[in-house]
Amino acid sequence: MRKLLRSPKIVIGLCLSGAFVVLAIVGPLVAPYSPNASSSTTSGTPMPPSAAHWLGTTQVQQDVLSQLLAGGRSTILVSLVAGAVATVLAVLFGVSAGYLGGYGDDLLSMVANVFLVLPALPLLIVIFGFIGRGANPNDVLIGAIIAITGWAFGARQLRAQTLSMRARDFVDSARIIGERKWRIMAFEILPNLVPVVATSFLFTVIYGVGTYTALSFLGVISLSHWSWGTMLYWAQNAQAAQQVRLEWWWFVPPGLAVGLFGTGLALLNFGIDEYVNPRLRAAGLTGRRARRAGLPRRPRLGLTAVLPAGVTAAAAAAAAGRPAAAMDGGAVSAVSATAGGVIPGSAVAGPPVTDPVLPDEVQQ
Amino acid sequence: MTTTAVARTGEAGTGAPILEARGLTKHFPVHKARLGATRSVVHAVEDVTLALPASAITAVVGESGSGKSTLARLFAQLITPTSGTVLLDGKAVTGRERRRYARQVQLVLQDPFSSLNPVHSVRYHLARPLQVHGLASDLDDDILALLERVSLTPADQFAVKFPHELSGGQRQRVAIARALAVRPRVLLADEPVSMLDVSIRLGILNLLAGLREQEGLTILYVTHDIASARYLADVIAVMYAGQIIESGPATRVTDSPSHPYTQLLLSAAPDPDRAEPPSLLGRGAPPNLIRPPSGCRFHPRCPHAMAVCTDGTPPAFDLGTGHFSSCWLHAQGLTSAQSRPLAGAGRGTGAAPGGAAGGADSAAGGGIRGAGGKHRAAGGAADGGKPITDGRTAPPPRPGPAGPGEEKR
Numbered sequence: 001m002r003k004l005l006r007s008p009k010i011v012i013g014l015c016l017s018g019a020f021v022v023l024a025i026v027g028p029l030v031a032p033y034s035p036n037a038s039s040s041t042t043s044g045t046p047m048p049p050s051a052a053h054w055l056g057t058t059q060v061q062q063d064v065l066s067q068l069l070a071g072g073r074s075t076i077l078v079s080l081v082a083g084a085v086a087t088v089l090a091v092l093f094g095v096s097a098g099y100l101g102g103y104g105d106d107l108l109s110m111v112a113n114v115f116l117v118l119p120a121l122p123l124l125i126v127i128f129g130f131i132g133r134g135a136n137p138n139d140v141l142i143g144a145i146i147a148i149t150g151w152a153f154g155a156r157q158l159r160a161q162t163l164s165m166r167a168r169d170f171v172d173s174a175r176i177i178g179e180r181k182w183r184i185m186a187f188e189i190l191p192n193l194v195p196v197v198a199t200s201f202l203f204t205v206i207y208g209v210g211t212y213t214a215l216s217f218l219g220v221i222s223l224s225h226w227s228w229g230t231m232l233y234w235a236q237n238a239q240a241a242q243q244v245r246l247e248w249w250w251f252v253p254p255g256l257a258v259g260l261f262g263t264g265l266a267l268l269n270f271g272i273d274e275y276v277n278p279r280l281r282a283a284g285l286t287g288r289r290a291r292r293a294g295l296p297r298r299p300r301l302g303l304t305a306v307l308p309a310g311v312t313a314a315a316a317a318a319a320a321g322r323p324a325a326a327m328d329g330g331a332v333s334a335v336s337a338t339a340g341g342v343i344p345g346s347a348v349a350g351p352p353v354t355d356p357v358l359p360d361e362v363q364q
Numbered sequence: 001m002t003t004t005a006v007a008r009t010g011e012a013g014t015g016a017p018i019l020e021a022r023g024l025t026k027h028f029p030v031h032k033a034r035l036g037a038t039r040s041v042v043h044a045v046e047d048v049t050l051a052l053p054a055s056a057i058t059a060v061v062g063e064s065g066s067g068k069s070t071l072a073r074l075f076a077q078l079i080t081p082t083s084g085t086v087l088l089d090g091k092a093v094t095g096r097e098r099r100r101y102a103r104q105v106q107l108v109l110q111d112p113f114s115s116l117n118p119v120h121s122v123r124y125h126l127a128r129p130l131q132v133h134g135l136a137s138d139l140d141d142d143i144l145a146l147l148e149r150v151s152l153t154p155a156d157q158f159a160v161k162f163p164h165e166l167s168g169g170q171r172q173r174v175a176i177a178r179a180l181a182v183r184p185r186v187l188l189a190d191e192p193v194s195m196l197d198v199s200i201r202l203g204i205l206n207l208l209a210g211l212r213e214q215e216g217l218t219i220l221y222v223t224h225d226i227a228s229a230r231y232l233a234d235v236i237a238v239m240y241a242g243q244i245i246e247s248g249p250a251t252r253v254t255d256s257p258s259h260p261y262t263q264l265l266l267s268a269a270p271d272p273d274r275a276e277p278p279s280l281l282g283r284g285a286p287p288n289l290i291r292p293p294s295g296c297r298f299h300p301r302c303p304h305a306m307a308v309c310t311d312g313t314p315p316a317f318d319l320g321t322g323h324f325s326s327c328w329l330h331a332q333g334l335t336s337a338q339s340r341p342l343a344g345a346g347r348g349t350g351a352a353p354g355g356a357a358g359g360a361d362s363a364a365g366g367g368i369r370g371a372g373g374k375h376r377a378a379g380g381a382a383d384g385g386k387p388i389t390d391g392r393t394a395p396p397p398r399p400g401p402a403g404p405g406e407e408k409r
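Taken in order, these protein sequences are the chains called A and B.
Taking the numbering used here, I'd label the letters of the first sequence as residues 1 to 364.
Taking the numbering used here, I'd label the letters of the second sequence as residues 1 to 409.
Looking at chain A on its own, in the form it has when it is part of the complex (with noise of 0.2 Å):
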């Protein structure tokens, strides 16, 4: 746990995602106004942030911020349900078919391919359609039938890995002792994949942001409930993104909101990868490390990391794991010549190399 708790991006993504549950979880207490009460029946202008109104008010004279926070709650209620009830449903499909094999696997395989393929922005939009627009729509629902939408990809994916689960010699141990196949699903493959489901999950919660607030956005789901979607609705209603206005207050908040939590939540997920698949950290780390030892391992197309200055020569023999009196006179004087510099060769043709789990000493 507190090796998972080292690298950047958990930190980072775990920091951002549950800010927004925080204010998911109290946002509508603390809220200065009712999403619905307008401060002037008068005014037909959104008004710029002030003392009042922080985020300024819509074009009937609504509070953005009060409609963030409600906005925020329906959105993260809906996405949270959708992954929770897409992972139970990912688990239940790809574990059994992994496990059992044989024409179970194909029947269930079948089905979730068949999801998979299912175009499901307009397949909800029918669904939701059929529903009904509801005054006040169910959030859990909502969610529940997001989910039925994005749970295939999780399922394939837990397949494959219960299927390298499977053949391995722990699972025919239980077999055995005389398990059930039930528990050896649950108790024996289940908590080895965790990892899995985990990013499993995280996934699906971005999918169901994402999905919530373009059903929103189209109307699909009722305008009275507020969310994210409604919100990026009205404004999009009232022409806020036009150039000659620019109500940036009504539409960039929304927006940003959709965009940090997805953010927040898909570090959380490659923080996830790293730690369980150690290969992506290393693919890094290896060659960062023998750069900085001055001895560049192969010729690579990126921009790359630019050293701090004060790199010694002991930091960099412990980043080559070695201890610095091992370090002979020609490794050190490699790294004082590249210290503080793009090292050369390196064509500038992508995004630097961010690394997790560096030493310490490196992330100043």
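Worth flagging that the hints you see were computed from the coordinates, not collected in a lab.
Keep in mind it's a predicted model, so treat the numbers as computed, not measured.
This list has only true hints and no planted wrong ones.
Here are the computed distance ranges between Cβ atoms for each label pair: (1) A:Pro119 with B:Ala92: 51 to 57 Å; (2) B:His31 with A:Trp182: 27 to 33 Å; (3) B:Glu148 with A:Leu29: 54 to 60 Å; (4) A:Leu29 with B:Leu135: 53 to 59 Å; (5) B:Ser137 with A:Val276: 36 to 42 Å; (6) A:Trp182 with B:Leu135: 19 to 25 Å; (7) A:Asn113 with B:Glu213: 54 to 60 Å; (8) B:Asp140 with A:Val11: 35 to 41 Å; (9) A:Pro122 with B:Ala92: 55 to 61 Å; (10) A:Ala160 with B:Asp142: 34 to 40 Å; (11) B:Phe162 with A:Trp248: 52 to 58 Å; (12) A:Asn113 with B:Ile200: 44 to 50 Å; (13) A:Arg6 with B:Leu135: 41 to 47 Å; (14) B:Asp197 with A:Val111: 46 to 52 Å.
Derived, one-sided and incomplete: chain B residues facing chain A with beta-carbon distance under 10 Å: (15) Arg98; (16) Asp111; (17) Ser115; (18) Pro129.
When the alpha-carbon atoms are kept at most 25 Å apart in a straight line, the in silico DMTMM-like pairs for lysine to aspartate or glutamate are as follows: (19) A:Lys181 with B:Glu97; (20) A:Lys181 with B:Asp111; (21) B:Lys161 with B:Glu148; (22) A:Lys181 with A:Asp106; (23) B:Lys161 with A:Asp172; (24) B:Lys161 with A:Asp169; (25) A:Lys181 with A:Asp169; (26) B:Lys161 with B:Asp138.
All C-beta atoms, glycine included, are put in the ideal place defined by N, C-alpha and C.
Please arrange chain B on chain A, whose structure you already have, making use of the hints.
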């Protein structure tokens, strides 16, 4: 040593078989079948009949790919046989009564690094069989007793550990303790020491011997190491290419091996007392099990191969005192045409008698370890091969994954 071993086998011979394989056959389908072609299969285990006498240790010895692990898994009902039956106390076992069978017969797998679930503690691993079979009177006490039985002391400290905190030998002891938890009558051990350091192998072997001595456990010991089989077992069955080719009391089989393959195995076993390099009686690699050689499956490698060996599978000839050998050399009354030696000339698949003496260390060594054996298996049988007339000029087994094209297509 010899006298005690004989005494042991004397005992063992009297025990009625608990677990028995009758005509057990397992074919694994190969996924590379071309369209329209009949699906080819790997003949992993072919018509094996083997009885495990009660309270004795039976060793199954063979090189990699000989089907010995498949046999152990068939015995454990982990895989279902293509044909043949497993009999427990003389009654055929059906797949329906898994749990009842698991209560009697337990299997310890080869690799202790993957046979324990990394997310569960030692305590969980030992508690489950007790709970599944409702055997625990006091769960904690029983778990501690199990750990002490396999000499993992202090038991209370080991119980809370996770597999990654244990060494290979300790893990294998936990795996054995788990198998013992249900108080089985038969313990199947599939190469229990092959993944362990040499220094701790003896401890595990002595543990198995002790279980047999003190508790009368019936043990099937699967190994590729004939020396450890002799050390531990009462009865040895030698497997080659999915068939049992020789069986009998351990000392008889190792002291006077009657099958050319057993002789090859023994001549290749390292012996520190032997001054000169061993003269290996035979060479080559195990055959292609998708298309096994006709007749005796060992005949392409056999220095004594005769005409009859290519035609019929040799039956098990009784050599007395429970010693059986499936080799035509022990047949009586073969015609001169049948017993005509298979010379290198003409057929190109047989080995000249005695032709492998010396100079072929690497060849036979490769055969014994069976490194990659299945893939370049018995080129002679599969694609006509190249004429091999003399061990000295015989090419050593080619390293690397590429084999004769036959099975690669």
